[in-house]
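Letter by letter, the chains look like this.
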Amino acid sequence: MDLIASLGLGFSVAFDPVNILYCFLGVLLGTLVGVLPGIGPTATIAMLLPITFTLPAETALIMLAGIYYGAQYGGSTTAILINLPGESSAAVTAIDGYQMARNGRAGPALAAAALGSFFAGSVATFLLAAFAPPLARAALNFGAPEYFSLIVLGLLVSIALAHGSILKALAMIVLGLLLGMVGQDIYTGTPRFTFGVRELFGGLNFVAVAVGVFGIAEILRNLEDETEREVGVKRVTNLWLTREDFRRIVGPVLRGTGLGSILGVLPGGGHILSSFASYSTEKRVSKNPREFGKGAIEGVAGPESANNAAAQTSFIPLLTLGIPAHPVMALMVGAFILQGITPGPNVINEQPALFWGVIASMWIGNLMLVILNLPLIGLWVKMLTIPYRVLFPAIVVFACIGTFSINQNIFDIYAIAFFGIVGYLLIRFGCEPAPLLLGFVLGPLLEEHLRRAMIISRGDPTIFVTRPISATLLALALAAILIAVLPNIRRKREEVFVEEG
Amino acid sequence: MKKTVSTLFAAALAAGTALAATCVAAQDYPAQPITIVVPFSAGGPTDTVTRLVAQAMSEDLGQQVVVQNVGGAGGTLGAGQVAAAANDGYTLLLHHIGMSTAPALYQSLPFDPQTDFAPIGLVTNVPMTIVARRDFEPETMADLITHIQENGENITYANAGIGAASQLCGLLLMDALDTRMTEVPYQGTGPAMTDLLGGQIDMMCDQTTNTTSQILAGEIKAYAVTTPERVAALPDVPTAAEGGLENFELAIWHGLYAPAGTDPAIVERLTTSLQAALANETVAQSFADLGTYPVPADQATPDALAQTLAAQTELWAEVIAAAGVSAQ
Amino acid sequence: MAINASRNDLASGGIFVALGAYFALEALRYEFGTPLRMGPGFMPVVLGSVLVALGIAIVLKGFRKPDEEAPPPVPWRGIALVLGTVVFFAATIRGLGFVPVVAISAFVTALASRNNNWLSAVIIAVGLCVLCLVVFVVGLGLLVPLVGPWLRF
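Protein chains in written order, with the working numbering: chain A, 1 to 501; chain B, 1 to 328; chain C, 1 to 153.
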């Protein structure tokens with residue numbers, strides 16, 4: 001079947017009124033749970049699995065997929081408005097998005113996020129339709145050495161996440177890597193840094209750490225001095241993007257879409273890197289790197305596009321090979337099986353209506369999201385006019401309930417308190433939380449892939465340079481260091497990393 | 001089978017009547033939704049099995065049966081939570097073979113699988129398949145045995161971490177062949193399968209729930225199934241015995257438990273409900289699609305589960321001690 | 001106090017040294033392994049040492065230049081009440097149940113702000129309680145007792 005005919009079939013399925021309705025319900029629900037801090041698509045899809053049991057397979061998967069990418073849209077909202085990222089991608093959005101909101105530019109930030117996401121989602125959906133099987137094959141060439149080199153590259157370029165001291169940013173990344181190692185070592189089963197607490201065997205919960213170092217720490221900072229300034233935002237100047245804003249987001253959106261689409265296909269952790277990679281790229285190519293961290297719209301548009309593109313292309317390994325790239329995709333596998341379909345390489349041939357229907361619905365869903373979200377911007381911005389003294393208790397309580405709902409694990413809530421105080425102290429002393437979160441999500445992957453690569457190569461470290469993809473990635477990483485170190489381009493570097501002294 | 005079910009049902013009714021005087025709660029049971037805890041994350045094979053069974057049980061009980069995922073620490077967190085839950089029949093546990101390996105793997109287990117639970121019945125025995133990357137040299141199980149014995153540690157063998165079904169199968173295989181392969185642990189079966197598909201590693205042994213579709217699509221090579229009989233979904237794959245590996249049997253058995261001290265009448269009611277669910281055609285069909293089957297009604301009983309648990313706990317204590325594996 | 005150094009750098013560097021040392025020393029108790037089979041101790045020991053080194057570098061840099069701004073006041077009341085609430089929530093959600101815990105948590109957190117008084121805190125608590133019930137329990141079907149076992153007789 002050629003692409004046009006396949007897409008025709010897909011759209012005929014996706015435009016079925018019932019499927020349209022469930023697609024809408026999915027993206028609406030996704031937006032809502034994305035907006036709520038803590039609770040995310042994983043918990044929601046898990047809770048809704050039994051309901052989808054009674055629906056036809058296409059309808060069920062269209063709705064569940066809608067929840068997933070809908071949550072990607074919604075997740076940026078709380079990150080921008082109240083500095084509370086629900087997952088790793090939104091942590092990057094929070095850096096400049098929240099600063100924009102404090103400058104009274106929450107409207108343009110949300111609009112840039114929505115438009116960037118829509119563009120990226122559309123392009124990635126097209127890629128998914130046109131090239132899914134070959135892309136999935138190509139991704140299988142990524143083994144442990146390639147992932148290790150990719151993560152090293154990601155960590156090195158991500159130092160640009162910081163707008164303050166580069167030393168402190170490095171320290172925060174390393175601290176994050178170490179925190180990521182808490183829990184049971186999968187190679188030997190040794191529990192590490194767990195204080196004998198069984199709840200810690202599976203590692204620290206990302207949401208708990210993120211809510212602590214971003215959300216709770218920010219509240220404590222705002223409570224520092226309530227008398228002198230009214231905490232919160234400056235007066236909202238405008239809701240929509242200016243012509244200048246449009247001009248500034250075109251490049252970041254295009255680059256973010258490209259980066260996200262490629263990284264999303266890699267099932268071993270590529271999607272995690274997408275928004276971080278986009279942010280670093282934008283800061284590097286920008287003529288005004290000093291603005292980053294203080295409310296640069298490029299720092300919102302790029303990562304949001306990358307993140308949404310990756311969200312779509314991370315369906316590629318699932319739909320074409322039956323491999324789940326992350327927990328949400330694992331749930332989708334469960335949904336497939338409950339529908340009597342075993343996800344695997346045969347789905348595309350045996351269930352063409354399902355395969356193409358879900359893909360076509362993704363584009364429709366993205367369109368719905370942008371239509372749904374743009375009018376909501378006014379509402380969200382109004383929410384910022386709620387007095388902070390009312391807003392912050394709501395944030396604290398929502399964060400606790402949301403985090404609790406993920407695993408019903410009380411220990412996760414204690415972790416919020418711990419990381420709230422640690423995060424507050426570090427931020428107070430001039431360290432930024434985003435690099436810590438990057439290290440935290442990449443730490444386990446870095447270690448896992450390094451150790452696995454060494455086992456597979458029988459202890460021979462040259463495996464990293466004798467495999468071509470890995471060697472290329474390491475060469476890029478080396479280039480990144482050289483650019484940062486070589487004295488003749490030092491002046492340029494200082495523009496990128498503005499030292500606070 | 002129907003007859004057994006109705007007999008048991010009658011027995012349950014009789015037992016229920018006898019106890020009615022002492023326990024009012026059992027009479028109205030179930031008066032509120034029942035929660036089945038799965039000690040693994042949602043979307044995995046055990047989760048899927050549980051959701052299928054829960055759906056059918058809720059039809060039989062006339063009450064909602066909710067599945068709750070409490071993952072972590074190799075399934076011991078969720079199991080521990082149910083062990084400590086109220087024994088009113090509203091919190092149950094569906095766990096697999098890991099129930100019998102936990103005592104050997106974890107030195108400080110906060111519960112005893114054999115005394116802290118009231119077994120309800122076995123659910124299913126998921127067969128395992130011995131598989132390899134598509135271009136792995138051996139063609140048959142006999143070739144594979146020779147190949148493993150000749151190459152030993154040069155063969156990389158993927159597993160999904162300490163205590164995972166895939167690791168247990170590997171331990172048993174290496175035990176049977178009296179050789180070691182290089183074990184490469186992964187964070188779950190999904191990433192392991194990814195690397196197997198990409199030819200990054202040589203071999204794996206995993207549940208049919210994960211491997212069937214890849215085998216049928218020709219993406220990976222299957223040498224044998226680990227059950228005494230062939231699996232319906234994979235008629236061309238021989239059993240390990242047929243392939244020349246005697247006394248090698250392994251199935252990932254799943255059982256349903258209530259906390260210890262649950263009213264026997266309630267346990268009986270749950271047993272009949274489980275048996276009804278396993279007799280349900282939709283469940284049987286879905287299980288078949290996954291490459292497994294429901295246990296017969298005489299296995300879905302508290303006694304059968306208790307015996308299996310006791311025997312397996314003993315077996316794995318030896319295998320795990322011999323392999324020197326510990327999750328502490 | 002007139003130390004001619006950056007308090008921020010000294011303090012953050014100190015935190016990094018302390019945490020790095022903890023991770024590295026604790027990890028020394030785990031197996032270090034060989035290049036082929038790196039043990040669970042390998043990465044934490046290496047990274048912990050790197051963190052200690054970075055922390056020392058930050059401290060040394062701090063001696064070169066003092067902070068430009070005076071530190072903001074420490075929000076003791078906020079820290080105590082906000083973190084106290086989070087810990088309270090964790091300790092009692094299973095025992096007291098959803099409604100009492102949310103109400104008490106919202107009430108106490110609200111008091112962390114000097115702009116709230118008893119009355120406004122009560123209003124916030126009631127409002128949030130209703131909102132959370134609607135969103136999490138009704139809307140998302142969160143499985144948690146509304147009134148926990150400690151309050152049942």
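Hint data in this document are derived by calculation from the structure and do not stem from the laboratory.
It should be emphasised that the depicted structure is a prediction, and the values quoted were computed from it without experimental measurement.
Keep in mind that the hints are not guaranteed to be accurate.
Covered stretches of chain B (chain A as the covering partner; in silico rule of three or more C-beta atoms under 8 Å from a C-beta of chain A) [said to hold, decoys possible]: (1) 174-185; (2) 208-214; (3) 223-232; (4) 245-257; (5) 285-294; (6) 300-308.
Quick reminder that beta carbons are idealized off the backbone N, C-alpha and C, glycines included.
Hints, one by one, checked against the model:
Requiring three or more residues with a Cβ within less than 8 Å of a Cβ of chain A, the coverage given for the stretch 174-185 of chain B holds, as 3 such residues are present. Taking a C-beta to C-beta cut-off of 8 Å, the stretch 208-214 of chain B contributes 4 residues in contact with chain A, enough for the three needed, and the coverage statement holds. Counting residues of the stretch 223-232 of chain B whose beta-carbon sits less than 8 Å from any beta-carbon of chain A gives 0, not enough to reach three: the coverage restraint is violated. Interface restraint, the stretch 245-257 of chain B with chain A: violated (0 residues with C-beta to C-beta distance below 8 Å; minimum three).
With 4 residues having a beta carbon nearer than 8 Å to a beta carbon of chain A, the stretch 285-294 of chain B meets the requirement of three or more and the stated coverage holds. Only residues whose beta carbon comes within less than 8 Å of a beta carbon in chain A count, and the stretch 300-308 of chain B has 0; fewer than three means the coverage is violated.
Comparing the model with each earlier hint shows violations of hints 3, 4, 6; every other hint is respected.
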